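Protein chains in written order, with this note's numbering: chain A, 1 to 398; chain B, 1 to 398; chain C, 1 to 398.
Hint data in this document are derived by calculation from the structure and do not stem from the laboratory. This one's a predicted model, so the numbers in the text were calculated from it and none came from an experiment. Each hint should be verified, as a subset may be incorrect.
You can't tell identical chains apart in this list, so a pair holds if it fits in one copy or across any two.
Claimed, not checked - Below, simulated SDA-like cross-link-like pairs (lysine to any residue); rule was C-alpha separation at most 25 Å, straight line:
#, residue 1, residue 2
1, K63, E356
2, K53, Q248
3, K63, E180
4, K252, R21
5, K254, F94
6, K55, H29
7, K129, P19
8, K377, G84
9, K324, W250
10, K252, G121
11, K209, G149
12, K324, I126
13, K254, N168
14, K209, L378
15, K63, L365
16, K209, G121
17, K55, H200
18, K209, Y30
19, K55, E180
20, K53, P86
21, K129, L253
22, K53, S203
23, K63, L333
24, K232, V220
25, K334, A349
26, K63, A310
Here are the chains, one letter per residue:
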Amino acid sequence: MVTSPTPPRSRPRRAGRLPGRQDWSTWPHYQAAAAGFRGYWYPVCYSSQLTGKPKQVTLLGEKIVLIRDAGTAYALVDRCPHRGVPLSEGDQQFPGTISCPYHGWTFDLASGDLVAAITDGPDSPICGKVTQPTYDVAERLGMVWVFVGDGEEPHPIDEQLPEELVANEAVLGSRMQPREGNWRFACENGYDEGHAKYLHRTSLWRLFKSMPVWNETRIVRRGRWIYRVQEKQHWTADFPGLGRWDSQAWWKLKPPTTTANIGNTGSHREVDPVIAAQEFPGFASVSMPGVLRIAYPSFIHYEFYVPVDAANHLYVGVMADFRKGTAALPFYLKYLGFVRWLFHGQFSAQDKWMVELTDAPPERLYRPDDSLLRWRKLAEEVTNERHARLRADGLEPR
Amino acid sequence: MVTSPTPPRSRPRRAGRLPGRQDWSTWPHYQAAAAGFRGYWYPVCYSSQLTGKPKQVTLLGEKIVLIRDAGTAYALVDRCPHRGVPLSEGDQQFPGTISCPYHGWTFDLASGDLVAAITDGPDSPICGKVTQPTYDVAERLGMVWVFVGDGEEPHPIDEQLPEELVANEAVLGSRMQPREGNWRFACENGYDEGHAKYLHRTSLWRLFKSMPVWNETRIVRRGRWIYRVQEKQHWTADFPGLGRWDSQAWWKLKPPTTTANIGNTGSHREVDPVIAAQEFPGFASVSMPGVLRIAYPSFIHYEFYVPVDAANHLYVGVMADFRKGTAALPFYLKYLGFVRWLFHGQFSAQDKWMVELTDAPPERLYRPDDSLLRWRKLAEEVTNERHARLRADGLEPR
Amino acid sequence: MVTSPTPPRSRPRRAGRLPGRQDWSTWPHYQAAAAGFRGYWYPVCYSSQLTGKPKQVTLLGEKIVLIRDAGTAYALVDRCPHRGVPLSEGDQQFPGTISCPYHGWTFDLASGDLVAAITDGPDSPICGKVTQPTYDVAERLGMVWVFVGDGEEPHPIDEQLPEELVANEAVLGSRMQPREGNWRFACENGYDEGHAKYLHRTSLWRLFKSMPVWNETRIVRRGRWIYRVQEKQHWTADFPGLGRWDSQAWWKLKPPTTTANIGNTGSHREVDPVIAAQEFPGFASVSMPGVLRIAYPSFIHYEFYVPVDAANHLYVGVMADFRKGTAALPFYLKYLGFVRWLFHGQFSAQDKWMVELTDAPPERLYRPDDSLLRWRKLAEEVTNERHARLRADGLEPR
Numbered sequence: 001m002v003t004s005p006t007p008p009r010s011r012p013r014r015a016g017r018l019p020g021r022q023d024w025s026t027w028p029h030y031q032a033a034a035a036g037f038r039g040y041w042y043p044v045c046y047s048s049q050l051t052g053k054p055k056q057v058t059l060l061g062e063k064i065v066l067i068r069d070a071g072t073a074y075a076l077v078d079r080c081p082h083r084g085v086p087l088s089e090g091d092q093q094f095p096g097t098i099s100c101p102y103h104g105w106t107f108d109l110a111s112g113d114l115v116a117a118i119t120d121g122p123d124s125p126i127c128g129k130v131t132q133p134t135y136d137v138a139e140r141l142g143m144v145w146v147f148v149g150d151g152e153e154p155h156p157i158d159e160q161l162p163e164e165l166v167a168n169e170a171v172l173g174s175r176m177q178p179r180e181g182n183w184r185f186a187c188e189n190g191y192d193e194g195h196a197k198y199l200h201r202t203s204l205w206r207l208f209k210s211m212p213v214w215n216e217t218r219i220v221r222r223g224r225w226i227y228r229v230q231e232k233q234h235w236t237a238d239f240p241g242l243g244r245w246d247s248q249a250w251w252k253l254k255p256p257t258t259t260a261n262i263g264n265t266g267s268h269r270e271v272d273p274v275i276a277a278q279e280f281p282g283f284a285s286v287s288m289p290g291v292l293r294i295a296y297p298s299f300i301h302y303e304f305y306v307p308v309d310a311a312n313h314l315y316v317g318v319m320a321d322f323r324k325g326t327a328a329l330p331f332y333l334k335y336l337g338f339v340r341w342l343f344h345g346q347f348s349a350q351d352k353w354m355v356e357l358t359d360a361p362p363e364r365l366y367r368p369d370d371s372l373l374r375w376r377k378l379a380e381e382v383t384n385e386r387h388a389r390l391r392a393d394g395l396e397p398r
Numbered sequence: 001m002v003t004s005p006t007p008p009r010s011r012p013r014r015a016g017r018l019p020g021r022q023d024w025s026t027w028p029h030y031q032a033a034a035a036g037f038r039g040y041w042y043p044v045c046y047s048s049q050l051t052g053k054p055k056q057v058t059l060l061g062e063k064i065v066l067i068r069d070a071g072t073a074y075a076l077v078d079r080c081p082h083r084g085v086p087l088s089e090g091d092q093q094f095p096g097t098i099s100c101p102y103h104g105w106t107f108d109l110a111s112g113d114l115v116a117a118i119t120d121g122p123d124s125p126i127c128g129k130v131t132q133p134t135y136d137v138a139e140r141l142g143m144v145w146v147f148v149g150d151g152e153e154p155h156p157i158d159e160q161l162p163e164e165l166v167a168n169e170a171v172l173g174s175r176m177q178p179r180e181g182n183w184r185f186a187c188e189n190g191y192d193e194g195h196a197k198y199l200h201r202t203s204l205w206r207l208f209k210s211m212p213v214w215n216e217t218r219i220v221r222r223g224r225w226i227y228r229v230q231e232k233q234h235w236t237a238d239f240p241g242l243g244r245w246d247s248q249a250w251w252k253l254k255p256p257t258t259t260a261n262i263g264n265t266g267s268h269r270e271v272d273p274v275i276a277a278q279e280f281p282g283f284a285s286v287s288m289p290g291v292l293r294i295a296y297p298s299f300i301h302y303e304f305y306v307p308v309d310a311a312n313h314l315y316v317g318v319m320a321d322f323r324k325g326t327a328a329l330p331f332y333l334k335y336l337g338f339v340r341w342l343f344h345g346q347f348s349a350q351d352k353w354m355v356e357l358t359d360a361p362p363e364r365l366y367r368p369d370d371s372l373l374r375w376r377k378l379a380e381e382v383t384n385e386r387h388a389r390l391r392a393d394g395l396e397p398r
Numbered sequence: 001m002v003t004s005p006t007p008p009r010s011r012p013r014r015a016g017r018l019p020g021r022q023d024w025s026t027w028p029h030y031q032a033a034a035a036g037f038r039g040y041w042y043p044v045c046y047s048s049q050l051t052g053k054p055k056q057v058t059l060l061g062e063k064i065v066l067i068r069d070a071g072t073a074y075a076l077v078d079r080c081p082h083r084g085v086p087l088s089e090g091d092q093q094f095p096g097t098i099s100c101p102y103h104g105w106t107f108d109l110a111s112g113d114l115v116a117a118i119t120d121g122p123d124s125p126i127c128g129k130v131t132q133p134t135y136d137v138a139e140r141l142g143m144v145w146v147f148v149g150d151g152e153e154p155h156p157i158d159e160q161l162p163e164e165l166v167a168n169e170a171v172l173g174s175r176m177q178p179r180e181g182n183w184r185f186a187c188e189n190g191y192d193e194g195h196a197k198y199l200h201r202t203s204l205w206r207l208f209k210s211m212p213v214w215n216e217t218r219i220v221r222r223g224r225w226i227y228r229v230q231e232k233q234h235w236t237a238d239f240p241g242l243g244r245w246d247s248q249a250w251w252k253l254k255p256p257t258t259t260a261n262i263g264n265t266g267s268h269r270e271v272d273p274v275i276a277a278q279e280f281p282g283f284a285s286v287s288m289p290g291v292l293r294i295a296y297p298s299f300i301h302y303e304f305y306v307p308v309d310a311a312n313h314l315y316v317g318v319m320a321d322f323r324k325g326t327a328a329l330p331f332y333l334k335y336l337g338f339v340r341w342l343f344h345g346q347f348s349a350q351d352k353w354m355v356e357l358t359d360a361p362p363e364r365l366y367r368p369d370d371s372l373l374r375w376r377k378l379a380e381e382v383t384n385e386r387h388a389r390l391r392a393d394g395l396e397p398r
């Protein structure tokens, strides 16, 4: 450990302020939606997880008690108005109700009405004067969905689900995982054009596949969805002064020799993602309130980014195979055999890693981030339309 | 996991703002006393736990060092004025003093005077210029009590303790347990008329006893205490549209066939809780600064809710038997045999559970909460009187 | 547990507000430097710990990525400007660069320039438009040093290191330990005249040595350093009304019979700490930005208090022996044999204990704290000079 003097190298620049966009005020609704967009259905747990035992979930920062009664799922604000104790700590004393554990305040599950305050007797004057706010609940895709709004009548959940899941029977494989990080980082990561080819280059899911270095991409809106259309893929690249970079290897599949072009989706023709996927794998689209759809030749992968609060989200990944009857059997085997582990496991864990580390704004976007900009623009437009409806319905001041 | 569409049920109400009382500004002193009421004696540890080794406790948010010297207990502010190091990390270098571990600043335990700064020698100019604030200390019921005030001469502790504990010898069994939650929630839970019959219906302590469903109750003030007088008890109840509810079972003791009425306590006669308890079990009273007394036929149970800080309290439960000599022996056996486990253990753990979960205001009170309202009113009145005294003594601006 | 009444003792004073100096506004630069003084070199890790694998350190509250490339150490702001992901999670794709793990943004280590955004191809328009701030790095004493400034050209590190370590070869033994507590408490503890004789009286390092009870001391500035000159040592003391106090024992070395006086350091003669140490052991000096030097007869001990953030610091202890060749061998044996364990271990752990507990201001200083006051004054003077230079260079508004 003898001291060995080294001359300090001169450095042209030193630490200062962070560069780039300082906030998201360009997209005010998006900026305000740290805890999620109101006015949507969100999946919160598997249907099989909801029984007669009350269960607490947090959604858009709101604590909600879920319970199943006579086969139907119900949801109420999980805070007894009496003294603030969570109703999810209580249980059922009468059918169709839930009772607070502290004093036996008993609420009708369907209406939220206080129908008994047990410890004040049958003639308790408080009955009829208190109603616990409820949430609309639906069950789809083997999951319980809750609508969080601002007093409006919820739209039918089938208008929000991906169309092909409503119109067709599908075989599903799915995964729900609570994750750290804002839901917007998760959604932007999912739809991000740029990261897949770099971050996931080491994933086992891509073990035998070459990945392009970079793509030329166009974003196209069709109805509720915006689609990422890849005009051109570049399988290798020479970076001036640095050298060649690609993800090819002798033991990997060779990339296609002709460059696919799916710009022929037409300007107003409705896109059928199943058909599109047969034309070109990895056809990605996104819709509000944070739903990603990636069409592969033999199945479609969905991701729902559910806002728990500003710092946490629930990752819901679903794979759907639309073949019918025994033709779907191989999907089960494939999903349980390795898709679940490679894709929903290690591949998705790389995304989880980045979503936890992302810290923006400030941010300095680059060309492939056009997919992010278009997603934020979509969110802004759709949310403007929603607020116009709320104002028209008198649920928001004009 | 095939999708099975279910029509969403219509819901009349949805999540909004919390109902009821939004704050406690009706009782301004009570609202301000999140960390406890000043001007009272509080128990902080067992006398047997206090030795010549300094011990830190937190009381009303203040860190206090306790030490026993030549048999007497002392208390000082636990922060050396020099550099903020806790004196409780130090020890004794000279009898009757405590020394800071850092530089040996040495304080007289009785007066708080800095009598030596060891590392500045015997002629240190700082001596005589610094005095550490002290607290008055007393020992009662096998516990160390500290007075936290605002500079006033403390009232004698015997004027604050339950009268029958001062006037009589008693055999005691007790329990101290640090608990989460504000001390006011603990105190309100203790005196609460409503919860006992519902929350504790499953406690082992009540295993063989039927409990009423609800009571008709009157709150009566006698001196420092307010008493809960149960006019009428209802052992079963039929809730319209829901059904019958009670805590009876074939293996439980049957409830009394005549309804007890202890409204004959007279309007100005002093209540003797021991006698009252013989008339009717479970006679509950409460006094400042948060002391609960429940008289049973053969003993009295006390709870002291000691404010540690705004988020924590010390639960001190005491059972006292006033029989003398060998007559008290069965109490010991009973207490150690099962009272300690059933009452101070599992029964009290249900209260602990609720106190941790209570989150008020906002709150929406109901008829049995008259006991809470009267307790808050008592606290307000007594505190107004205290501030009048402080102003009269020039310890508070008029 | 029978109640045994004790009369409460009367107490003259009770708890109130904290006495003494309420803030450090007397030394505004020092007060503002909670996270450290800017414009200095700081050691952050051992040279042997820095490899081609990126490493994150926090210094003055700034997250910095360090990496070694072709033998040279580099440092950059550890936050990719794109989406805020730490570069330290990435790796090297090309020599002389570091790449963000998310999208492959690739920065030149020497200049900080973005030289490639891999997933946007070789012609990415963002290249040449983004530069990541860098830090100057040097390696000395077997450690990596980073300069944190405000845009100024860093001064040569050798002008900041203790002179004798630059001018001479030395054999070193060292220790780095992350510690809780503000760096100023650590530095003040190190230079503090008062605590050593009291806090460390029980340390094994002093097992066989008597310590004085108190000293008469003078602080003398020589160039960048202020020296603690002990005029007189008092080996025992009688405290009036309390008794005698010293750290002597029959099994300890007796204190020197004549009182050493090293006031003959002259008013302008340069002090050579090696020579001074031969005159008198334990000759302590301190310099900016928080460097302690204690000269012992056979070696010099240094402590560098490195600000991590306002609540944490890195303790860097170095022992240097200036004897050459084989004469230094005994130092190795001595250091590894017991100095490392006694001094850098248990002795230093007592300081760590106090630094964690110190809570100032408020503070009430006493006579031996003249060493602290002079250190703060030095920091203030030197920082005023630095800001004058920054203003002259146009790096700070006049």
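Here's how the hints hold up against the structure:
1. K63 - E356: Answer is both: 23 Å inside a copy and 17 Å across each meet the 25 Å cutoff.
2. K53 - Q248: between (53 Å within a copy, 24 Å between copies)
3. K63 - E180: both (18 Å within a copy, 21 Å between copies)
4. K252 - R21: Answer is neither: 39 Å inside a copy and 68 Å across each miss the 25 Å cutoff.
5. K254 - F94: between (65 Å within a copy, 24 Å between copies)
6. K55 - H29: Cα proximity of K55 and H29: none, with 31 Å in one copy and 38 Å across.
7. K129 - P19: between (56 Å within a copy, 11 Å between copies)
8. K377 - G84: between (39 Å within a copy, 22 Å between copies)
9. K324 - W250: For K324 and W250, neither the intra-copy (38 Å) nor the inter-copy (58 Å) Cα distance is at most 25 Å.
10. K252 - G121: between (75 Å within a copy, 21 Å between copies)
11. K209 - G149: neither (44 Å within a copy, 47 Å between copies)
12. K324 - I126: neither (55 Å within a copy, 48 Å between copies)
13. K254 - N168: Neither way: K254 and N168 sit 35 Å apart in one copy and 62 Å across, limit 25 Å.
14. K209 - L378: neither (32 Å within a copy, 64 Å between copies)
15. K63 - L365: Answer is between; shortest inter-copy Cα gap is 21 Å, intra-copy 35 Å.
16. K209 - G121: between (70 Å within a copy, 20 Å between copies)
17. K55 - H200: between (36 Å within a copy, 22 Å between copies)
18. K209 - Y30: Cα proximity of K209 and Y30: none, with 36 Å in one copy and 59 Å across.
19. K55 - E180: Classified as both: same-chain Cα gap 21 Å, cross-chain 23 Å, threshold 25 Å.
20. K53 - P86: The answer is within: 13 Å in one copy meets 25 Å, while 43 Å across copies does not.
21. K129 - L253: neither (69 Å within a copy, 36 Å between copies)
22. K53 - S203: So K53 and S203 pass the 25 Å test across copies only (20 Å; inside, 40 Å).
23. K63 - L333: neither (38 Å within a copy, 47 Å between copies)
24. K232 - V220: within (15 Å within a copy, 74 Å between copies)
25. K334 - A349: within (20 Å within a copy, 50 Å between copies)
26. K63 - A310: Classified as both; 14 Å inside a copy, 24 Å across copies.
This entry does not satisfy hints 4, 6, 9, 11, 12, 13, 14, 18, 21, 23, going by the numbered hints stated previously.
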